[in-house]
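Use the sequences and the hints to build the structure in full.
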Amino acid sequence: MSLSATEIWAVILALGVGTFLLRFSFLGLGGASGWPPLILRLLRYTPVAVIPGLVAPLVLWPAATDGSPDAPRLVAAAVTLGVGLWLKSATWAILAGAAVLTAMLRLGL
Amino acid sequence: MARSTRAEAFRRGVGDGAPFLLVVAPFGMVFGVIGVEAGLNLAEVMGFSIFVIAGASQLAAVQLMAEGAPLAVVLATALAINLRMAMYSAALAPHLGSLPMGRRGVMAYFLVDQSFAASVLEFERRPEMSVEDKAAYFFGVIAPVCLPWYVATLAGALLGTGLPPGWGLDFAVPITFLAVIAPMLRTTAHVVAAAVSVVGALALSVLPWNLGLLAAALAAMAAGAAVEIAAERRAVR
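First to last, the sequence lines map onto chains E and W. This note's numbering puts the first residue of the first sequence at 99, with every later residue one more than the last. This note's numbering puts the first residue of the second sequence at 5, with every later residue one more than the last.
FYI, nobody ran anything at the bench for these hints, they're computed from the structure. From the three backbone atoms N, C-alpha and C, an ideal C-beta is built for every residue, glycine too. Treat each hint with caution, since some may be false.
Here are the computed distance ranges between Cβ atoms for each label pair [claimed, not checked]:
# : chain 1 : residue 1 : chain 2 : residue 2 : range
1 : E       : 165       : W       : 76        : 37 to 45 Å
2 : E       : 99        : W       : 8         : 46 to 54 Å
3 : E       : 100       : W       : 12        : 47 to 55 Å
The following block contains the structure:
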């Protein structure tokens, strides 16, 4: 990490304050919400709109291999996604993906 | 009488929150390990989990900081992941909005995926609950979710300092994110939003400062909402 301690703490505190304000927004106003339903509908999709796009380049072009796709990471990603979809459990998905990745890296596949 | 229903609501909250331990404990540990591996010290890792208390955005921030993204992009991306919490806040406001401001502030700090999901379900199932009982239930859910979050982060950070390199830990972030996202792909609208996000982010990856990701995320949100609206129209007809 090339950031200074000040910069790191600036990120932590700004993200903390920003996240708190998002959580406090409507609760702070009290009572019924005044925002249009379309906005609330858009907000519902933020995790699935941001995280897959963040993950895709990390899976296809991993930094550990200088950006060239490699089999262990692609297979581990596919297994994680598959187990997560199948069992609806993040914990089992992490365990399955980590097990496959470790096994393939150890075996030198 | 009121006191005993409140205690009962709190206990019910604890019971409904307890299963989330299985998600929170490993996720907190993963964040602790990754934070240390990325070069954060113990105080900084704990700072994230205590001040932000939102795992996915914490991971995203650490990943982007390690990649050397500008701080404005780090913040914009991490906050975008947390935009959903404004939606949680709106959904709970009609139930909890009449509480004193101070208590609402404390509840807002603890408004995480798990406390929202359990509370919204409970408040819809038992509309007769008083606002005090609803608050007690909410705090009951938090107890087995948020306290373990801090402890698990600490355990992960301590563990991370002792781990040897070469365990493929570089890939812990993508695996954790994929595991978090997969169970969320419940409807066609969620799948379409995720697909637009992936295609958009890859296609726009040439843009500087990860701006492609933010553009793709906006398009993906619009796509998800559009598919949902279309599905509702079809259902009405």
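Hints that the structure is at odds with (numbers, increasing): Hint check: 1 fails alone, others pass.
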